[in-house]
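**Student:** Protein chains in written order, with the working numbering: chain A, 21 to 160; chain B, 21 to 160; chain C, 21 to 160; chain D, 21 to 160; chain E, 21 to 160; chain F, 21 to 160.
These are computed hints drawn from the structure, not numbers from a lab. Hints are not guaranteed to be accurate.
Intra- or inter-copy, both count: the list cannot distinguish identical chains.
Straight-line alpha carbon distances no greater than 20 Å define the calculated SDA-like cross-link-like pairs of lysine to any residue that follow [claimed, not checked]: (1) 120 <-> 83; (2) 50 <-> 147; (3) 120 <-> 88; (4) 50 <-> 150; (5) 72 <-> 86; (6) 66 <-> 151; (7) 66 <-> 86; (8) 50 <-> 153; (9) 115 <-> 57.
Number of protein chains: 6
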Amino acid sequence: MISVPWVVNDECLSLLFLRSNNDTMSELVKEFNDYRTRMNQVILGKDNLVMKRLWNLDTNTYAEGALSVKTKEMLGLVASMVLRCDDCIKYHLGKCHELKLTTEEVYEIFAVANIVGGTIVIPHTRRAAEYWEELLNSAQ
Amino acid sequence: MISVPWVVNDECLSLLFLRSNNDTMSELVKEFNDYRTRMNQVILGKDNLVMKRLWNLDTNTYAEGALSVKTKEMLGLVASMVLRCDDCIKYHLGKCHELKLTTEEVYEIFAVANIVGGTIVIPHTRRAAEYWEELLNSAQ
Amino acid sequence: MISVPWVVNDECLSLLFLRSNNDTMSELVKEFNDYRTRMNQVILGKDNLVMKRLWNLDTNTYAEGALSVKTKEMLGLVASMVLRCDDCIKYHLGKCHELKLTTEEVYEIFAVANIVGGTIVIPHTRRAAEYWEELLNSAQ
Amino acid sequence: MISVPWVVNDECLSLLFLRSNNDTMSELVKEFNDYRTRMNQVILGKDNLVMKRLWNLDTNTYAEGALSVKTKEMLGLVASMVLRCDDCIKYHLGKCHELKLTTEEVYEIFAVANIVGGTIVIPHTRRAAEYWEELLNSAQ
Amino acid sequence: MISVPWVVNDECLSLLFLRSNNDTMSELVKEFNDYRTRMNQVILGKDNLVMKRLWNLDTNTYAEGALSVKTKEMLGLVASMVLRCDDCIKYHLGKCHELKLTTEEVYEIFAVANIVGGTIVIPHTRRAAEYWEELLNSAQ
Amino acid sequence: MISVPWVVNDECLSLLFLRSNNDTMSELVKEFNDYRTRMNQVILGKDNLVMKRLWNLDTNTYAEGALSVKTKEMLGLVASMVLRCDDCIKYHLGKCHELKLTTEEVYEIFAVANIVGGTIVIPHTRRAAEYWEELLNSAQ
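Just chain A, with the same shape it has in the complex (with noise of 0.2 Å):
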């Protein structure tokens, strides 16, 4: 028998609806978030049991552990840098903000991104510097 000390709960869930509330935000900031939550709703209204299970997990994936939570969160931007995912960039592009990277560190990751997945990437760097723009823009 496997121990499974995460219990699927809405507590997990609800971080999936989070929003900041914050009347600065910026516009596309605000768009992506609002989006990304109603159509999360619509998805897991469905009672999809593998979805749920899959972005509850998606949660856990990211919380401290061996590895702490800023290092996890670099590690999501630049597999999906990579992967060249707009709207998964622009989520942990967020999330980096949140815990306070620096412009220098975020532009490491770039380079980084840019480097192993090559030119191909660069589109998605000039959304994702746009996107980091506004973050730092809503945050004043």
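Use these hints to put chains B, C, D, E and F onto chain A, whose structure you have.
**Tutor:** This is chains B, C, D, E and F only, laid out in the frame that chain A set:
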């Protein structure tokens, strides 16, 4: 000499341009179909034979055979999801809708795609879920 | 609170290690299964909970539901082919063989994968075809 | 201490910002170029040396050598298509247009990309075809 | 009615089985060709029409047209490299060798592939470089 | 005329050939390093400047900066895993081993890669787990 029972004819190609005139069709679905039709005409108008034959072959691939049309459309959908091609997903969702797949069946395909392809598939699943709702609504 | 009807138990995990003791099993099939079993033991032995739960979830994904086990294994096969993962292809071919898919059905899945994924899938189709012959021979 | 023997050459970098002032340039082409220019400035403004040097190297890759500039741009286009990067496709289409490739040549590149990469490339081919028409029209 | 000037005939298909009997052919090259030939026979023997027609179309794609055979093989090579398909790379390297590409030209294609696709392409470039040396040696 | 202001620094390039002479190094690790070294020499011997400069830049990307060498190697590992490049994974595992990452840390990177990239990453995780054991054993 290989027998070629499929004729390269206008009937097959016309499928590429087929779209419903259903007045209740949602804007999202209509826009997708219109752009697709318009650009298919531009591309086929250039008379590149490889492109024409590939598209014709594409139509034949999903024809009834040892596997049913329904099974093949499900295969096309899951392949499109793990390869993360939003337009391909929309096309196959449209076909799945015509073939009367239930929402429960569609979400089990989503689940396989998300498990095989990882959380990187989630943003595409959001857009797929949105489009499926549009299809359900446009048919009422 | 989300209901979790699937228990994380030894029965599910044991599926990961299951392999036939059939003496007629070909060398290619046996080697694949043995390596897979041995390395699964190494990985699960490290007690990383995310890995364990993802693998358990993977098993549940292919369980009977709105779609049949056979349909889901076909989805898994075509997804593995377009993502060009030889080991994943072998695994799902093994399952398809157990589920008595015909060669004609399997080749229609190959055809969808080659059309969707392009000629880049051909070398993987060669190895898939070889493995399918091995499975057919090992069962005689 | 990292030794940085490579100088970030302004002449090369200026190429990244180059764009036509042609008044007849279509909106689609102009928008693409403007966003690209603006975000390149943001990214290069952060002074990440790896990013700067990668972009400089990118420019040099397509310079005349054993292969002609025209051949290299065709290589860049087909690579962008099979990797399904719309912005990269647009960039190389712009270069191919400047280099006077004929529509017939461009569509043979589309054909190779669609055969190698499969029908998953079709939606990107639609957008490529649209952009190519824009380039043709903007030059009249 | 679309004109179909390419006949689906034995001559085209025989190309799939073509291989040199050159006694000086290196083991690596010979092994690759032999496995390819053997498995092509297995696959085509199953009489799946989509597979047969896709392969036939594949042959036609690289035929002389607005672009030369040499240019098209270079396009096929760079596409195979960025998609990281070792067997596809070997196939196109073999063709490029038959078409007398120089080592300098081949390495400029390698360079485009590595810049576009990133350092993830390097291991495939190592195997490509090894195979190119084999081809050069086998021809002496 | 292309200006090449960047000098190909021998110190950086020599890193590409570096390998341990440790007598206890396992066969698997030794074989990987030997092939890599041999083919790097072949490739660099062809004097393609883009390839040389890309490799040099690759070395610099992982140097200490705003992020530590350890963090950057973890980023390189997770990127290699989601892009499913076995040789790249081995290379970064070797670096992670030199940098004294614990098995628990390495498996948390595996977990992020498997969640982001999906079960398609599992076969690569098996080979990564095998290589990590080899590295642990070779160091005893």
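**Student:** Each of the hints needs a verdict: does it hold here or not?
**Tutor:** Results of checking the hints against the structure:
1. 120 <-> 83: within (17 Å within a copy, 22 Å between copies)
2. 50 <-> 147: both (16 Å within a copy, 17 Å between copies)
3. 120 <-> 88: both (14 Å within a copy, 16 Å between copies)
4. 50 <-> 150: Both: 14 Å inside a chain and 18 Å across chains, each within 20 Å.
5. 72 <-> 86: Classified as between: cross-chain Cα gap 16 Å, same-chain 25 Å, threshold 20 Å.
6. 66 <-> 151: Between copies, since 15 Å is at most 20 Å while 31 Å is not.
7. 66 <-> 86: between (35 Å within a copy, 13 Å between copies)
8. 50 <-> 153: within (14 Å within a copy, 23 Å between copies)
9. 115 <-> 57: For residue 115 and residue 57, the Cα distance is within 20 Å only inside one copy (15 Å; across copies 27 Å).
In summary, the structure agrees with every hint in the numbered list given earlier.
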